[in-house]
Structures are given as C-alpha cells and as structure tokens.
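Asks: Produce the complete structure using the sequences and hints provided.
Protein chains in written order, with this note's numbering: chain V, 484 to 768; chain F, 18 to 273.
Hints listed in this document are in silico derivations from the structure and should not be mistaken for laboratory results.
There could be a bad hint or two in this list.
Covered by chain F, per the in silico footprint, the following chain V stretches (three or more residues, Cβ under 8 Å) [stated by the list, open to error]:
1. 532 to 546
2. 597 to 604
3. 718 to 728
4. 734 to 741
For every residue, glycine included, the Cβ atom is placed at its ideal position computed from N, Cα and C.
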Amino acid sequence: MRTDEQGRGGRVALLVLPLVAVLLAFYLLPLGRAIVNSLHAFGPAGIDSTVWTLENYRRAFDPHYGAVFLRTLRISVIITVITCLAAYPVGLWIVRLSARAQALVLLVYMAPWLVNVVVKALGWSLILGGAGIINRVLKGLGVIGPPLQLMFNETGIVIGLVHGHFMFVLLPLWAALSALDPNLRWAAANLGAGPRQIFLRVTLPLTLPALLAGGLINFIMNMGAFATPALLGGSRTRVISYVAYEVNLVALNWPLGGALAVVLFLIVLVPIWLAGRLGRSRGAG
Amino acid sequence: MLRVFNIVMLAFMLAPLVMVVWMSFTPGMLMVPPLGEFSLRWYAAAFAYPGFVNAFWLSARLALVSGLAATLLSFVAAYGLVRGRRFRGVDAVAGLFLSPLIVPAVVFGIAMLQFVNAAGLYNSFLGLALAHVVIVTPFAVRTLMSALAAVPIEVEWAAMNLGASRAAVLFLIVLPVTARAMLAAFLLTFLISFSEVTVTVFMTGPSYQTLPVRIYNYLTDQVDPTVAAVSAMLIGLSLVLIFILDRLGGLANIKK
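Replies: Right under this line is the structure:
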C-alpha cells in the first residue's frame, strides 16, 4: 500500500516538469547567459566571446555607474522606510473595521498595483508637475511664486513608488495584525501596560517578521522599477534601470549591460539572504 | 488622528487615478483638468488613433496567450506539487516557480533582451509571450496551489477506484472543482501581463509596442489629452477585472 502510494506520488510529481522546462529554458538560461555575457569583452563588432574579462565589473563600480547604484539604493531604501512607517497606522486602522469595510479598503490599496504603472505616472505628473494641480492651487492661493519642483527629481520617484508599491508592505502586515491574538493585548493591558507599551512590546515584535518580509519585496520592486522613475524622475535623476536601458538598447553594450544586471541582482540578493538566515535562526531558536 | 491619517492615505492611493479620469473629460487641448465643461472628444480621438488601437489588440493577444499558457502550465505543475508531495526537492521546485518574484524586472528584462537576440526571437510575439509567462507564473502557481490543496484527495481516490485514469481525474474532476481558482488565476495573470512594461520595453525597444509601452513612449515625447482618455479606459478595465477577481476570491492569496 505504502509503496503503491509512493509510486503514484512519484509519477504525479512528474507533472511539474513542463513548467520546470519552460522556466529552465526561458528564465534560468537567459539569466545564466547574461552572466556569461558580462564576463566577455565588448568591442566595435559587439561581444567578443573569445575574451574573458572582469573589466565590465570594474566599470560597473566606477564613479559614474557606482554613483547611479548608490542613488538607486538610497531612493529604494527611503521608499521602503516611508512605506513601512506609513503602513503601520494604516494596518492598525484597517483591522479595527468590520469585515466588509476591511475588504473594501484593502481593495482600494490593491487597485493601484493592478493599474498600469504608466497610467499611474501620468496621474502623478498631472498632480505634481509644474502645471499640475498642486502648483496651480498653491499659486492660486498666492502661497508660492515660481512652481515647486515636485517631479523630475527624487521627490517624484519617491512619491510615485511609495504609491505604486505600498501594497507589498501593507498586505502581509495586515495579515499579521489580523492574526494577532487579542488576548495578548488584553493580558498586557491587565498587567498595566499603556497603549504605547502594548504597541512597542507586544504588537510590534509579533508583526515585525511580516513587516520585514513585505519591506523586502517592496525594496526589490523599488530597485527594479523602470517606468515610474523614468517618467517621474526624468533624465536628470537617473536610476540604474534607466542607465541599464541606455547601455543595453542604445549603446548595445551587452557585456556591460549584463554586468549591471548581475550587480543589481546581487544587491537585491543580500537582504534576501539575510532575511532567510534570520528566519532560520528564529525557527531554530 | 489615526482616522485622519487613513483618510489622507486613501486619498493618496486614489488621487492619481481620479486625476487621470477627470483629465480625460477635458474639452480643451491642454492637460488641464476641466471645471464645468466636459467632453468625450479625446475618447473619440483615442479610438481614431491606430497607434493606440493596434497596441491595445497586441496587448490583449499577448495577455490572453501568456495568461492561458501560464494558468495551464501552473495548474498541472501545482497539482504535481500538491499531490506528489513525497518527492525530494519539492521545496526547491516550488521555490523555482515563485522565484521570478524576487528577480528585479530590469534584471530579467536585460537577460531576456540578450537571450531573444541570440535565439532569433527578437521583436517576436513568441519571445514576448514566453517572457510574460515567466513573469506571471508565480501568481498563477500561488493561486492554484492553495485551491488544489483544498480539494479532498478522497474524491480522487474514489474516481480512480472506479477506473478513472490520472488524466481523467485531473481534467474531469479536479479541473471543474477548481474552476473558480483557474478563472481567478487566468484573470490575474492576464491583468499582470497586460500591464507589464519594464521587461517588454527592454526586450523590444520602442518598436514592438504593447499598449503600456505605447503610452510610455507617448508620454516621453508629447502629452495631449488623448493619452488621458486611453489611460482612463485602462483604469476602468483594471477596476472591472479587479472587482471580478475579488468576487472569485482570486485576491485572497495575494493578501497573505
């Protein structure tokens, strides 16, 4: 009986193979190829596959590209921090609503994710632009003289991506907050803890893993965003995706383009690896 | 205080969408939201502009093909994962299926650009569809795994005892039982593919224009209210699909 079941289970497992094959051929292979390309030289005739070199990685870290990486990293971290700080009050408020209201409010937070990024960027440019609604209103009220520069700079990127990637922090946080046993808070209150203490010593520690998990996804999305920074940051505030676009599609320098992709991926893998380690040590302890 | 902050946040989430829709009804030539006078002229202009119409159909075809392919592949694979639990490496395979989520879009876009060029799939529908299948697969796998895990295995045993083959069980029993989740997975993958910009821009440059890419290019060189009308229609389409998805329970898996 047992062997029979195992045999069946074994054959059923083969059903994963079509998808595995597709992912190997059109996901892992392209990624691997980009890594190989990044180790080749680039000449007037394109990639020179006979030459193996680390030159592209040296260039990826030179002052020019290095500065772009640092800017991208800084903007991404700022967005994640703002999002995490704003998501807590939102999550705490949502879990106190009725079930119906919760579903509706969550939908409002999910909707922007499923609306096209270019459409959202258009909306933000109508709000933040030099002739946008904020500047019009402030000017009409006589508060400002020359229009405020709210986009084509880092401010525009931060606003656009806090909006666009908010859901990735809010949803896991909301799930953790609604799974929280209310008895814990009552017990803490009974023992004399104030609301502040209850939040800092009960709610926050218990929901921190969810916040970190959401923050991690949020950070990855920020690092890899292209259209929002391009449209709201413009050519003066270039992030790595924008520069990588020029290198790959304008200069057609695939070895350097591949190296930029590898470095970006490694930057993202570090926090993922750290989070995995943290998760394991928590599980073990 | 908490309430005020949350009302501000809800307004923040909706503001750009509301602005686009408001803007799209302007009777004027400028990107100024209309007060008092409204017009549908830019909707007419959008339908009369082949660039947007063709791009819409390309996007719709692409989303249909990649959504269907991803849903079917994920259904079969998720069944293998859920029912074939005992094999070694099951976690690694599940991890592989979900891993496109952690690859930044730009990284995958660069890799696919270089790959499709070498494979002779540059500027082809097939190349784009394959990339989109990879991008949307994690969402389909997640949705379908939790739906399949909820199917009682006794039903399948009963069918097999009565002589049904594994394929018959899969397509005549499991598929109908999980039809809602299948539809939800399809709509979700359709919508994500339909909205995809980054990988598509990297793979095709400005020449092969899906609707989001077309809008992106339009925004980078000129802006007139036509683009607001197209965008407003996209918002409408997204909201309708989101509403249906929510009804089907298709957003529940993302919430976790």
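Asks: Each hint should be assessed against the structure and marked as holding or not.
Replies: Here's how the hints hold up against the structure:
1. 532 to 546: violated (count 0)
2. 597 to 604: holds (count 8)
3. 718 to 728: holds (count 4)
4. 734 to 741: Holds, because 3 residues of the region 734 to 741 of chain V bring their Cβ atoms closer than 8 Å to Cβ atoms of chain F.
Going down the numbered hints, you'll see the structure goes against just number 1.
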